[in-house]
Each structure stands twice: as structure tokens, then as C-alpha cells.
Amino acid sequence: MPSMTAAPTLDSRPPLPKRPLPHEKTPDRPAPAGGRPHPQRDARVDSEIGPRAVGAIYQTSISAYEVLAVIRDPERASALLKRTALWAVIVRDIMRADAEPYAVGDVWTTSDHLVREGRTTASFAPAA
18 MPSMTAAPTL DSRPPLPKRP LPHEKTPDRP APAGGRPHPQ RDARVDSEIG PRAVGAIYQT
78 SISAYEVLAV IRDPERASAL LKRTALWAVI VRDIMRADAE PYAVGDVWTT SDHLVREGRT
138 TASFAPAA
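Sequential numbering of the sequence shown, starting at 18, is according to my numbering.
Since the hints were made in silico from the structure, they are not lab data. Do not rely on the hints blindly, as some may be mistaken.
[Said to hold, decoys possible] Simulated DEER-style distance windows between Cβ atoms:
1) Q57 with R113: 45 to 55 Å
2) S29 with Q57: 25 to 35 Å
3) D63 with H130: 12 to 22 Å
4) P37 with V62: 22 to 32 Å
C-beta atoms are modelled at their ideal positions from N, C-alpha and C, and glycine is treated no differently.
Turn these sequences into a full structure, and let the hints steer you where they fit.
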């Protein structure tokens, strides 16, 4: 009979059970493209983007902008904004005649004003 004061050795203990792999990483069940949607993240992204859809015109305290594209792909948005981002909006400043389109990641605030609604069905979707 083993002593109660003796330290257990690695050989005297049974191996610990291993955690099962999450279903996204199981080789026989490949992950769907883009992973699972996250409803809380989607709601947060929707609230941050606000009513900015393709074709919308909105005004801030600085200028007025036309929305050219809404990017919801985090990898592409991060590359456009050169920082970690879940989304990006490509806009053109309509108050400047020589304005070039550029990406913004500014959250919609109560000081922003929607001048013209955009098309809600034309948001950017990553190619499969």
C-alpha cells in the first residue's frame, strides 16, 4: 500500500482526458466559409455603421460625404484602415471637387446627420 506522505509520480496517475476539438476544427467537418456569424458582433457593427449604406449622403461637423462602399469583412477592413477593424466605409467628400475616395472607420454618432438614404442591399460582400 502506498504511503500517504509519499509524493505521487507521473506513472502512478492516470492520464488526464483531452478536451474534444471544437466542431470548427474537426477535420471531418470543415468550417463554413467565413466562420459562424456572431449576432452580438453583427448588431454592434450595424449600430456603429448606422444608416450609412451605399449611395447614402451624410453630414458631419467637418463636411458631407457620399458612401461608395460598406466593407464588413474584418480582414479587408483592417487592411484598408491599417489597424484592427471589423468594418470600414469608403466615402468621398462631396464638398471638395478634387476629393478622392478613402476608407473611414468612424462610428456613427448623434452629431452625424443623414442627408440622403442609400441602398441597403448593395453593401460589399467578400467574394467566395
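Hint check:
1. A C-beta distance of roughly 37 Å is found between Q57 and R113, which places it outside the suggested range of 45 to 55 Å.
2. Judged by the Cβ atoms, the range 25 to 35 Å given for S29 and Q57 is violated: they are separated by roughly 46 Å.
3. Between D63 and H130 the C-beta distance comes to about 19 Å, which sits within the given range of 12 to 22 Å.
4. Against the hinted window of 22 to 32 Å, the Cβ-Cβ separation of P37 and V62 comes to about 31 Å, which satisfies the hint.
When the structure is compared with the earlier hints, violations turn up for hints 1, 2 and for no others.
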